[in-house]
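A.B. asks: Residue numbers (the working numbering), protein chains in the order written: chain A, -13 to 276; chain B, 873 to 1026.
The set of hints was computed from the structure by calculation and includes no laboratory data. The beta carbon of each residue, even a glycine, is placed where N, CA and C say it ideally should be. Check each hint, because a few of them may be wrong.
Taking beta-carbon pairs under 7 Å as the criterion, some of the chain A residues facing chain B (in silico) [what the hints assert, rightly or not]:
hint, residue
1, 238
2, 241
3, 242
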Amino acid sequence: MDAAHHPMGPHDAGPSVGPAMTGMEWIALDVVVVLLLGVGALGYALGLWAARGRSLWPLRRTLLWYAGIGCAVAGVLGPVAQAAHTSFTAHMLGHLLLGMIAPLLMVLGAPITLTMRALPTVAARRVSRILRSAGVRGLTHPMVAATLNAGGLWLLYTTELFQLMHASAAVYALVHLHLFAAGYLFTASVIGPDPDPHRASMRVRSAVLVLFIAAHSVLAKWLYAHPPQGVEPADGRAGAQLMYYGGDVVDITLIVLLFAGWYAATRPRTSRVPQVSPFHQHETRGAERD
Amino acid sequence: MSRHSRAQLDRRVVLSGVLFGSGIAASMIDLFIFHLALQWHHFYDLSTTEVALTADGFFHAFGWFITIWGLFLLADLRRRTAVPWRRWGGAVITGVGFFQLLDGVVSHKVLGIHQIRYGVDLLLYDAIWIGSGLVLLFVGLFMLRRARSHDVAV
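Please model the complete structure; the sequences and the hints are all you need to start from.
C.D. replies: This is how it looks when you write it as structure tokens:
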């Protein structure tokens, strides 16, 4: 943690950006990003097409998925990503988009459910077997996913990784891939509508979510006082506050969705309210129903 | 889930109110009135120890979590019973008072996360903060006592 205790002289203006910023490796990085997100966008469309004969797929899921892809694009390509190489605040906006907002929207797009509908039975069973495997089970435990998510952020901002990332396209790619993947895993493990054969209990998910929010806000306040090397104090403070309040908006949404799942799953059974209300097309949310 | 007994529903009314009251005191009153409107506190006063910073993070996370938890419990009660609003209101005021007291004593004085206002003599501010917390707590408890569980309809 002490790595960032450093004098912040006026000579340190702007992150130390390598001269190779426009070099081949950075162009290759953009190409990889376009390809990956293109696969996400096309894959979902293909799934919709393959499952067109089945029951109606909720339009909001499709809209959420593509809004998520849009946020991920905005986080890593275009003006925000360009500015992120010199401005810490822009960097934080990019991270908020790629690591929190895009994963939340895309998780709500329920891509696994769509995949299962789109695939023939045999292949869908194979996917289901993979989901039940020990590896997936471990990775999608909320505590593991939260550690990967918050731990990655702590590593990035309290070690040399932040400088390394701006100097090497490969490190930059890995950091951002991790940011998105960990954000997705965490969100899915806590509030995901997709089937999760080993969904943790409401208690575990609640505790992990509170821990994660605490870790996120502590890191944001810590960054306010200790911006990464090379970041101007004013820029560092603006970025830290964006992380704090922007993170809050997403975190509060996560808490609401967590309880909305609980609310739907604990519907009183003695009342005359029909069990499946047309207004609550919630997919199985796991443990509470049992 | 089986039918809830009257006592269980009443406990849930009180829990919902206390959680919501403590939650809004922690998450919203502090943020909107003292940080944003009056600007007495700042985002972070840079004088905090790491222990206090961690405690502050947990206060923050819990504040929002229990606010929303309290509201969903209330929504759950509404679909099960006629909510005794006075008792719920008493529980909310109890919660606000409880958190105000906790915040005034533990986070301002014991941990020193932040002070109420800077550049002024704090004694009066602390006395009013902690005193108002006590008053709210007693008013809330009194309201809870007066609106006993008899008006919970199952």
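A.B. asks: Does each hint fit the structure? Answer for all of them.
C.D. replies: We went through each hint and held it up to the structure:
1. Given the 7 Å rule on beta carbons, the hint for residue 238 (chain A) holds: about 6 Å separates it from the nearest Cβ of chain B.
2. Satisfaction of the interface hint for residue 241 (chain A) is found here, the shortest Cβ-Cβ separation to chain B being roughly 5 Å, below the 7 Å cut-off.
3. The interface hint given for residue 242 (chain A) holds, since its Cβ lies 6 Å from the closest Cβ of chain B, which is under the 7 Å cut-off.
Against the hints set out earlier in the document, no violation occurs for any number.
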